[in-house]
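K.L.:
Hey, can you work out the whole structure from these sequences and the hints?
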Amino acid sequence: MRDKTAALAGTSDPATLIGRIIVYFVLIVAAVFFLIPFFVMIMTSIKSMNDIRTGYLISLPREITIEAWVKAWDSACTGINCEGMKNYFWNSVRMVIPSVIISTLIGAVNGYIFSKWRFKGSETFFSFLLLGCFIPFQVILLPMSQTLGLIGLGQSIYGLIFVHIVYGLPFTTLFFRNYYVTIPDEIIKAAKIDGAGFFRIFRKVILPVSLPIFVVAIIWQTTQIWNDFLFGVAFSGSDSQPITVALNNLVNTSTGVKEYNVDMAAAIIAGLPTLFVYIVAGKYFLRGLVAGAVKG
Amino acid sequence: MASLTVSNIRKKFGNQEVLKGVSLSVKSGEFLVLVGPSGCGKSTLLNLIAGLETINSGEIRIDDQVVNDIRPKDRDIAMVFQSYALYPSMNVRKNLSFGLETRGVPKAQIEETIRHVAQILQISELLNRKPSQLSGGQRQRVAMGRALARDPAIFLFDEPLSNLDAKLRVEMRTEIKELHQRIKTTIVYVTHDQIEAMTLADRIAVMKDGFIHQFDTPQQLYDNPANLFVAGFIGSPAMNFIPCRLVNQGNQTGVMLENKAGRSFFMPVEQHDLDVKKWLDQEVILGIRPERIASGFYEQEGNPMIHEIECIVEVLEPTGPDTLVFVIINDSKVTCRVSPHAVKAPGESMKLMIDMSKALLFDPGTGQRIENQTAGSTGCT
Ligand SMILES: Nc1ncnc2c1ncn2[C@@H]1O[C@H](COP(=O)(O)OP(=O)(O)OP(=O)(O)O)[C@@H](O)[C@H]1O
Ligand SMILES: [Mg+2]
Chain E
4 MRDKTAALAG TSDPATLIGR IIVYFVLIVA AVFFLIPFFV MIMTSIKSMN
54 DIRTGYLISL PREITIEAWV KAWDSACTGI NCEGMKNYFW NSVRMVIPSV
104 IISTLIGAVN GYIFSKWRFK GSETFFSFLL LGCFIPFQVI LLPMSQTLGL
154 IGLGQSIYGL IFVHIVYGLP FTTLFFRNYY VTIPDEIIKA AKIDGAGFFR
204 IFRKVILPVS LPIFVVAIIW QTTQIWNDFL FGVAFSGSDS QPITVALNNL
254 VNTSTGVKEY NVDMAAAIIA GLPTLFVYIV AGKYFLRGLV AGAVKG
Chain G
373 MASLTVSNIR KKFGNQEVLK GVSLSVKSGE FLVLVGPSGC GKSTLLNLIA
423 GLETINSGEI RIDDQVVNDI RPKDRDIAMV FQSYALYPSM NVRKNLSFGL
473 ETRGVPKAQI EETIRHVAQI LQISELLNRK PSQLSGGQRQ RVAMGRALAR
523 DPAIFLFDEP LSNLDAKLRV EMRTEIKELH QRIKTTIVYV THDQIEAMTL
573 ADRIAVMKDG FIHQFDTPQQ LYDNPANLFV AGFIGSPAMN FIPCRLVNQG
623 NQTGVMLENK AGRSFFMPVE QHDLDVKKWL DQEVILGIRP ERIASGFYEQ
673 EGNPMIHEIE CIVEVLEPTG PDTLVFVIIN DSKVTCRVSP HAVKAPGESM
723 KLMIDMSKAL LFDPGTGQRI ENQTAGSTGC T
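Chains as they are written, first to last, in the working numbering: chain E, 4 to 299; chain G, 373 to 753.
There could be a bad hint or two in this list.
[To be verified] Restraint-style ranges between C-beta atoms, simulated for each label pair:
| # | chain 1 | residue 1 | chain 2 | residue 2 | range |
| --- | --- | --- | --- | --- | --- |
| 1 | G | Gln388 | E | Phe131 | 19 to 29 Å |
| 2 | G | Arg433 | E | Ser125 | 27 to 37 Å |
| 3 | E | Val169 | G | Ile442 | 34 to 44 Å |
| 4 | E | Phe201 | G | Gln481 | 24 to 34 Å |
| 5 | E | Phe128 | G | Thr426 | 15 to 25 Å |
| 6 | E | Val184 | G | Gln505 | 18 to 28 Å |
[Stated by the list, open to error] A few chain G residues that don't get close to chain E, going by computed Cβ distances all over 10 Å:
| # | residue |
| --- | --- |
| 7 | Asp436 |
| 8 | Leu540 |
| 9 | Gln591 |
| 10 | Gln592 |
| 11 | Lys632 |
| 12 | Ala633 |
| 13 | Leu652 |
| 14 | Glu655 |
| 15 | Glu682 |
| 16 | Leu688 |
| 17 | Gly692 |
| 18 | Ser711 |
[What the hints assert, rightly or not] Taking lysine-lysine pairs in the BS3-like style, the calculated list, with each CA pair at most 27 Å apart, reads:
| # | chain 1 | residue 1 | chain 2 | residue 2 |
| --- | --- | --- | --- | --- |
| 19 | E | Lys195 | G | Lys466 |
| 20 | E | Lys123 | G | Lys392 |
| 21 | G | Lys549 | G | Lys580 |
| 22 | G | Lys479 | E | Lys195 |
| 23 | G | Lys502 | E | Lys286 |
| 24 | E | Lys207 | G | Lys445 |
| 25 | E | Lys195 | G | Lys384 |
| 26 | E | Lys195 | G | Lys445 |
| 27 | G | Lys502 | E | Lys207 |
| 28 | G | Lys580 | G | Lys730 |
Note that these hints are calculated values from the structure, not bench results.
Think of the CB as a built atom: it goes at the ideal place given N, C-alpha and C, for glycine as much as any other residue.
P.N.:
Here's what the structure looks like:
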């Protein structure tokens, strides 16, 4: 494969060359197209209000100021209270970390069971679990809020965590199962004969080769849960709203002038963690999606 | 060391019955080879012995203990898998020690065992490598080492050599045989390679379609196969099967063979068995191994069982020590093993000697042997 591309790169065939130019052109245009909004957001967030009123949307800032960032973080009004995004940011962090960890771990054990410890009816059970991937959020809003009320988790961050774990399980289970089926069953048999049981095999044999799929599951869950708005609106209390809900409130709060620079700064703050996760672990994401567990 | 007895076991997957009543008994220290075509249930049988699958009916005993309901880890067996099944995240040392650690063997003793096993299998230099850094042959050794380290009562091998190249396979075959002669542990060894079976086994069980067709020593299987399947499966190149008619000529019973030119030759068969008489003037299948049709035999003068036949040479396949000559007899292709200097060119006519003393007769309907089989070989079904 690599040889082939190398050979292609070295070719002087004009048709290939033109093809190449077209491909790069399209890629660059697409990249610019997707980057411009983000660029505009950053530029706007470091402008002063005066600058914004007098300049164009895409003009560069005349002077750079972090005022808007400070305000967005610390004192912007979201509805009636004016404490900025900081509390909501931490709300989101407190919500995301446990839900990601728990849903990923349970998903790993589920996937291990569905691939290596099949029982009578486990395939059917797995199919039902997969249905969970296709249920639209809206459908479960009412029944879920009733359930949360019943178990005493309504309007709290724990309720949100619970919902995100439950809603994430079909996905994490699917990821791990599909990864673990590529581990040969004979390895499990060998471990059984070696005397290891369910958890010892999981810990000593399975987990050590699971890093790529953990990365996939964690990235997926982190972005899903961090970016979620609907569950956040529906199930959180006033002191447990996640940052997405707060951002919406901030943008919609109309007291006098619309402060675009604050809005933009707040939006970037809300988006930074997911961006960060992709930059740090993104290359493992693709690798993990296509990797089998055991090479050779 | 332990003996192993398998009595009439059956195994179903869904409604497909894979094992249909299999019985075997392996003596303590014996090397048993299970051989048969792909999909005949060899691995399934091995998994049942190991306890990795549950049997539907029947009984498995190790020494005098019924182990049907005993878990794999408590059966005192070790298994080597076709894919080696090394733990990918552990280095060789860890792979060898995993089973011992799980069983709570003291550290010092584990160290000692690993050193010993690594030395036997010559993998001492590989102890710190991961399985992905090993060649096929090295992985195979480590897989055997993992089994050896446990020092079990019974070894189970599931086609351990089938992923190796031809040369390495022959080398490892010899090593396994030497190993067995040294440690003398009971071994059940699965393969679909009949040469491996012949060279390694004390006794061979030939399986097909969930049955054991014959369970005997290699030489008995070779000389006295119970049916067409076993006869054709054991031996390479395979035994010739020639359809022919059993007739009386003078006071002798024999078969008529006809060459391509339409000339007939009478070949007498051994008559120590009365059963043969029942088949007079009926179609039978003559089974004769390629090395029994040659340009000549030692002491053939006056041997009443050696007769001449003349055939046109069709194709030649030199193997080095012998050349395989293909001729047509009774409209079927027949392989003969001829010494190279006596070979004629394709298209030419050639005189061949057939040694009928080892010829076998089969029932064309059932495929079973017609003659009484000497020595205690048994067809199981
Ligand atoms: N877990 C299973 N579920 C359903 N069918 C199975 C299972 N394991 C084996 N079989 C079936 O049982 C039959 C025997 O399989 P087995 O693996 O024992 O064959 P084998 O003799 O070892 O063949 P090979 O030489 O190819 O390894 C096959 O038809 C196979 O499809
Ligand atoms: Mg098999």
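K.L.:
Work down the list of hints and note, for each, if the structure agrees.
P.N.:
Going down the list of hints, with the structure as the test:
In this structure the hint that G:Gln388 and E:Phe131 lie 19 to 29 Å apart at CB holds, the actual value being about 27 Å. Checked against the hint of 27 to 37 Å, the pair G:Arg433 and E:Ser125 passes, with Cβ atoms roughly 32 Å apart. Checked against the given bound of 34 to 44 Å, the beta carbons of E:Val169 and G:Ile442, roughly 40 Å apart, stay inside it. Separated by about 27 Å at the C-beta atoms, E:Phe201 and G:Gln481 satisfy the suggested range of 24 to 34 Å.
Between E:Phe128 and G:Thr426 the beta carbon distance is about 21 Å. The supplied range of 15 to 25 Å therefore holds. A beta carbon spacing of about 25 Å between E:Val184 and G:Gln505 agrees with the range 18 to 28 Å that was offered as a hint. No Cβ of chain E comes within 10 Å of the Cβ of G:Asp436; the nearest lies about 22 Å off, and the non-interface call holds. Distance check on G:Leu540: its Cβ is at least 17 Å (rounded) from any Cβ of chain E, clearing the 10 Å threshold; non-interface status holds.
Interface exclusion of G:Gln591 from chain E stands, the closest Cβ pair being 33 Å apart, more than 10 Å. Against chain E, the non-interface label of G:Gln592 holds: every CB pair exceeds 10 Å, the least being about 33 Å. The non-interface label for G:Lys632 is consistent with chain E: the shortest C-beta to C-beta separation is roughly 51 Å, beyond 10 Å. Distance check on G:Ala633: its Cβ is at least 56 Å (rounded) from any Cβ of chain E, clearing the 10 Å threshold; non-interface status holds.
For G:Leu652, the requirement that its beta carbon stay farther than 10 Å from each beta carbon of chain E is met, with the minimum near 54 Å. Interface exclusion of G:Glu655 from chain E stands, the closest Cβ pair being 47 Å apart, more than 10 Å. A cut-off of 10 Å between C-beta atoms confirms that G:Glu682 is not in contact with chain E; the least separation is 55 Å. With a least CB separation of 42 Å from chain E, G:Leu688 remains clear of the 10 Å interface cut-off, as annotated.
Distance to chain E confirms G:Gly692 as a non-interface residue, since its nearest Cβ pair spans about 36 Å, more than 10 Å. In this structure G:Ser711 is separated from chain E by more than 10 Å, as the shortest Cβ-Cβ distance comes to about 46 Å. Taken as a hint, the E:Lys195 and G:Lys466 pair is honoured in the structure, with Cα atoms around 16 Å apart against an allowance of 27 Å. Pair hint E:Lys123 plus G:Lys392 holds up; C-alpha atoms about 23 Å apart against a cutoff of 27 Å.
Only pairs whose Cα atoms come within 27 Å are accepted, and G:Lys549 paired with G:Lys580 is accepted, the gap being roughly 25 Å. About 21 Å separates the Cα atoms of G:Lys479 and E:Lys195, which keeps this hinted pair within 27 Å; it holds. Taken as a hint, the G:Lys502 and E:Lys286 pair is honoured in the structure, with Cα atoms around 24 Å apart against an allowance of 27 Å. Our distance criterion of 27 Å between C-alpha atoms is met by E:Lys207 and G:Lys445, whose separation comes to about 17 Å.
The hinted pair formed by E:Lys195 and G:Lys384 meets the criterion: a straight-line CA distance of about 22 Å does not exceed 27 Å. As the CA atoms of E:Lys195 and G:Lys445 are separated by approximately 7 Å, the hinted pair is consistent with the 27 Å bound. Between G:Lys502 and E:Lys207, the direct Cα distance comes to roughly 15 Å. Compliance with the 27 Å bound is thereby established for this hinted pair. Simply put, G:Lys580 and G:Lys730 have alpha-carbon atoms about 25 Å apart, close enough for the 27 Å limit, and the pair holds.
Comparing the model with each earlier hint shows no violations; every hint is respected.
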